[in-house]
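**Q** Quick mapping for you: the protein sequence lines, in order, are chains A and B.
Residue numbers for the first sequence, in the working numbering: 1 to 252.
Residue numbers for the second sequence, in the working numbering: 1 to 252.
Just so you know, these hints were derived from the structure itself, not from any lab.
Any given hint could turn out to be false.
To be verified - Listed below are the simulated BS3-like cross-link pairs for lysine-lysine, each with C-alpha atoms no more than 30 Å apart in a straight line:
#	chain 1	residue 1	chain 2	residue 2
1	B	Lys159	B	Lys86
2	A	Lys72	B	Lys159
3	B	Lys159	A	Lys89
4	B	Lys72	A	Lys209
5	A	Lys131	B	Lys89
6	A	Lys89	A	Lys125
7	A	Lys159	A	Lys86
8	B	Lys89	A	Lys121
9	B	Lys131	A	Lys86
10	B	Lys86	A	Lys124
11	B	Lys131	B	Lys86
12	A	Lys72	B	Lys89
13	A	Lys89	B	Lys72
14	A	Lys86	B	Lys72
15	A	Lys86	B	Lys89
16	B	Lys125	A	Lys86
Every value quoted in this text rests on a predicted model; they were computed, and no experiment measured them.
There are 2 protein chains.
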Amino acid sequence: MQRYFLSNSQFQDDTITIGGEDAHHIARVMRMEEGSQVYCCNEEGKTAVAEITNFTNEAVTLHIVKWIEESKELPIQVSIASGLPKGDKLELIIQKATELGAHRFVPFNAARSIVKWDEKKGIKKVERWGKIAKEAAEQSHRSVVPTILKPVSFDFLLKESKNYDYKIVAYEEVAKTGEMSRFANVLTNMKPGESILVAFGPEGGLTEKEIVLLEEYGFIACGLGPRILRTETAPLYVLSAISYHFELQGVK
Amino acid sequence: MQRYFLSNSQFQDDTITIGGEDAHHIARVMRMEEGSQVYCCNEEGKTAVAEITNFTNEAVTLHIVKWIEESKELPIQVSIASGLPKGDKLELIIQKATELGAHRFVPFNAARSIVKWDEKKGIKKVERWGKIAKEAAEQSHRSVVPTILKPVSFDFLLKESKNYDYKIVAYEEVAKTGEMSRFANVLTNMKPGESILVAFGPEGGLTEKEIVLLEEYGFIACGLGPRILRTETAPLYVLSAISYHFELQGVK
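Generate coordinates for the entire structure from the input sequences, incorporating the hints supplied.
**A** Given below as structure tokens:
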């Protein structure tokens, strides 16, 4: 069943009103009719089954059939801080990491980021990232769309990190020494509802100076196994492992 | 340090001879000189540090400095059987799953595969897949390049499955019932050196009939968490979880 992410103002008592692109999608793309049902998620991530009662030129009106209980979200909030990579790699990260349950994206300008952020062109890019995240959230049946910050400075990342319960940084040099247990130890200590910020370098990796600063701010440098993962693969590894740990192994 | 995957015939006592594309890569792309060192892996996945001793127009000669002990491979052998997906999704699966430690790829024609396999054009495609796997293995510092079969029939997949110690199939309908523990249970039962075949549907998923047949052949239908993963994301989840389970949690 199709899923739409709506703002709270679209919900009024038992009635939902959908306009704009979503209305176009319902009427023209999906060619739904009166009586068709869809999932509607509000800003808190609560999901209602709703039935279409009326079409006008501008909007679709729906009636809430029932609110459903479902937990499609990871029990911990995972924020992905990627050192700005080249090309469209961040798009792949956002799409796949959203499917895998990421809560927030914090791209940052790393010392070895080759791409320089263009404030003017950047607005369009951030909009595009938001669209990718929304589509991936719908497709994977999530009840929350992750938020995406426009790229921040490394200093901002350090300050921002104080808002998280746990902070780790993926660092292959740690993996080379055979250190493998830190990431698993962090997850074992975490409780449902807590938050974690995970930092990743761009293609060339983080500099030693950046690692030292991150560690000063309480980031734990973790290895992700003996193989060297690309900058766009490492976040997918981390999110998959978190899902496996909390959702499949049932370690709560 | 650069890594090259060679055939056993290129090794003779303490000398290695490299021709063709790899020689071009060493001499022209990397612009190495006499005295430069590289990693050379043989067909058994053993890795030598070798030093360049001579260049000719056609070949590079190297002297083996030492054989090194390293274990970059997952302790269990994971084969990925993907229902043939659309477009270049299998390329993404092969690249990322190779980074994450896959041992073998078995693409198969699923009932809902939209792509029809063209035997003529197919040869080029399989060659391209092999190249992607080789590059990803080099980049991620693996000591083995995964093998890739040309797409097989569903019947072949069923027969082939008898050669594996464990067989699972990712099935989202199982996940919807809240079943979450089967995959973790399988991993807990597995011992180093054992093999597992993991089957995934194409975009439209596997049919009920296919699931029934797979189960008759001993496949265990497993959910991969509450979110719906795309056909190209699910194999990456499975491999990441396997690495986390065996390499990071140290469950041996």
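**Q** Are the hints correct? Go through all of them and say.
**A** Here is how each hint holds up against the structure:
1. With a C-alpha separation of about 25 Å, the suggested pair Lys159 (chain B) and Lys86 (chain B) falls inside the 30 Å cut-off, and the hint holds.
2. Between the alpha carbons of Lys72 (chain A) and Lys159 (chain B) the distance comes to roughly 36 Å, so the proposed pair goes past 30 Å and is violated.
3. In summary, the hint linking Lys159 (chain B) to Lys89 (chain A) is not supported, as the alpha carbons are separated by about 39 Å, beyond the 30 Å threshold.
4. Restraint check for Lys72 (chain B) and Lys209 (chain A): the C-alpha separation of about 28 Å stays at or below 30 Å, so the hint holds.
5. The straight-line distance between the Cα atoms of Lys131 (chain A) and Lys89 (chain B) is roughly 21 Å, inside the 30 Å bound, and the hint therefore holds.
6. Annotation: proposed proximity of Lys89 (chain A) to Lys125 (chain A) holds, straight-line Cα distance about 12 Å (limit 30 Å).
7. Note on Lys159 (chain A) and Lys86 (chain A): the hinted pairing holds, with a Cα-Cα distance of about 25 Å set against a maximum of 30 Å.
8. For the proposed pair Lys89 (chain B) and Lys121 (chain A), the alpha carbon gap of about 29 Å is at most 30 Å, so the pair holds.
9. As the CA atoms of Lys131 (chain B) and Lys86 (chain A) are separated by approximately 22 Å, the hinted pair is consistent with the 30 Å bound.
10. For the proposed pair Lys86 (chain B) and Lys124 (chain A), the alpha carbon gap of about 29 Å is at most 30 Å, so the pair holds.
11. About 19 Å separates the Cα atoms of Lys131 (chain B) and Lys86 (chain B), which keeps this hinted pair within 30 Å; it holds.
12. Between Lys72 (chain A) and Lys89 (chain B) the CA atoms are separated by roughly 25 Å; this keeps the pair inside 30 Å, and the hint holds.
13. Proposed proximity of Lys89 (chain A) and Lys72 (chain B) is supported: the alpha carbons are some 25 Å apart, at most 30 Å.
14. For a cut-off of 30 Å, the pair hint linking Lys86 (chain A) to Lys72 (chain B) stands: about 27 Å separates their Cα positions.
15. Between Lys86 (chain A) and Lys89 (chain B), the direct Cα distance comes to roughly 20 Å. Compliance with the 30 Å bound is thereby established for this hinted pair.
16. For the hint pairing Lys125 (chain B) with Lys86 (chain A), the CA-to-CA distance comes to about 27 Å; that is within 30 Å, so the pair holds.
The structure does not agree with the numbered hints 2 and 3 stated previously, though it agrees with the rest.
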